[in-house]
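> The lines below spell out each chain.
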Amino acid sequence: MTVRLVFLGKFGDVAPMAEIALPDGVRTLNDLKAWVARQQPQLGAAMEATRTRLIVNQCVAHDLSAPVSDGDEVAFLPPMSGG
Amino acid sequence: MRVRIAPEAFDPQAEIAAFTHLRDDAGALASFVGYCRASTDGVAVNELRIDHYPGFSEKEIARLAEETARRFDCPDLLVIHRVGVIRPGEAIVLVAALSVHRASAFDAVRILMDYLKTDAPLWKKETGPGGTRWIEPRPEDHARRLEAEKGWT
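Chains A and B supply the protein sequences, listed in that same order.
So for the first sequence, my numbering puts the first residue at 6; every next one is plus one.
So for the second sequence, my numbering puts the first residue at 455; every next one is plus one.
Only chain B is shown next, with the shape it has when bound in the complex (with noise of 0.2 Å):
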């Protein structure tokens, strides 16, 4: 289990690589990257800042973290989520699951994304020319962390 909070751009590519060759006992990766869009719902995006509880977001997310590498018995789990001020095409999270087969690789990463968006202590705010809002998650994302939930041991 690999959980970073990045203060600085990362290259997602590069951590995908180095997470890969750590084993050789899991036939399959899945990935998912989160870039910084240049515009939401048709108005610029200039910046986004996202803040974080130093300690208790790291331990948050580790727990996530395992709690779907349990669930889904992936042998590895990389999670590295930005912090601080994030430029349009930043990377601002990537999640990767190593495991045995396919499906549960595919699984563990979308599941995992559910929850973070609604249970990562994490908190964006978005900088665009009308000013600065708070971002919260939206219906959907609590539709879907919800449906996570269903199957949950």
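So that you can see chain A by itself, here it is in the shape it has in the complex (with noise of 0.2 Å):
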């Protein structure tokens, strides 16, 4: 079961693009976002430091309760600034 990996903005400084096998005890978005983060403390820390949202397959996740399945595209977002 791979899961593709995307990091925008400040995030991409820290984390490259990835496609992972999921790893073991991760099921949920949240446990795949705790699981970023002990494997890149900074991003971690990045992360907890700001506002961060998740996007599944495009969609914004409301619900980090939501399990991770084989493919999705998870997208890891810092606060935006455009205009």
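Possibly wrong hints are sitting among the right ones.
[What the hints assert, rightly or not] Here chain A is said to cover these stretches of chain B; the calculated rule only asks that three of the stretch's residues, wherever they fall, bring their Cβ under 8 Å from a Cβ of chain A: (1) 458-470; (2) 508-515; (3) 560-571.
[As the list claims (entries may be wrong)] What follows is a set of in silico ranges between Cβ atoms, one per label pair, in the way DEER data are often shown: (4) A:Ala71 <-> B:Asp527: 34 to 42 Å; (5) B:Arg556 <-> A:Gln63: 19 to 27 Å; (6) A:Ala26 <-> B:Gly496: 43 to 51 Å; (7) B:Asp478 <-> A:Ser70: 14 to 22 Å; (8) B:Lys604 <-> A:Gln47: 34 to 42 Å; (9) B:Gly481 <-> A:Glu24: 29 to 37 Å; (10) A:Gln63 <-> B:Asp527: 23 to 31 Å; (11) A:Ala39 <-> B:Gly543: 27 to 35 Å; (12) B:Lys604 <-> A:Ala26: 44 to 52 Å; (13) B:Arg456 <-> A:Arg43: 54 to 62 Å.
I should point out that these hints are in silico values taken from the structure, not numbers from a laboratory.
Since we're looking at a predicted model, the values are computed, not measured.
All C-beta atoms, glycine included, are put in the ideal place defined by N, C-alpha and C.
Put the complex together from the two separate chains, hints included.
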């Protein structure tokens, strides 16, 4: 079971995009976020320090207790700055 | 509704002219162009880089534009937003609204810009003599965004 991780904005400075085999024990988006933070403590700190939004298969994830599925693309978004 | 992510420089005046000629049932056109500054708070800006999330950024900007068009009853809206490396003097964003009357055209452009500042999935990074820094919305951007929310139906 693989998941594609995408890190945008300043998160992308810390972690590259990655295709990973879903680690043992990671079932939900919350689990995945915590796993990413453990793998990349600098990114974990950056996500902790700001508002982080998760986008799953190009749709905003409102419920981080939702399960992660095979083939999902999960993007981690820091606060946006358009205009 | 025309929404475009532009990886290359664009000519706002030419875009506005082409957009204006698209319809003859609108009596008003309002537009806003945001440019890359040569300095921020007295510190030089050498370049600005804007990252986007392909697919999602376009979809979200289109959603904001559609909501704005509905709210202000605009027959058409144009949004062009640069991504990639932008030099001082180049246009970053163009928003234009066609409407029957001026008030809704002005309002649509202002409110959509307020939304783009905080809700468009884009990330700005400024490079100057002191290095690079990511830009996040300022408190006044969030305040304007909240203000824009009022009366949203």
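> Checked against the structure, which of the hints given earlier come out wrong?
Violated hints: 1, 5, 7, 9, 11, 13; rest satisfied.
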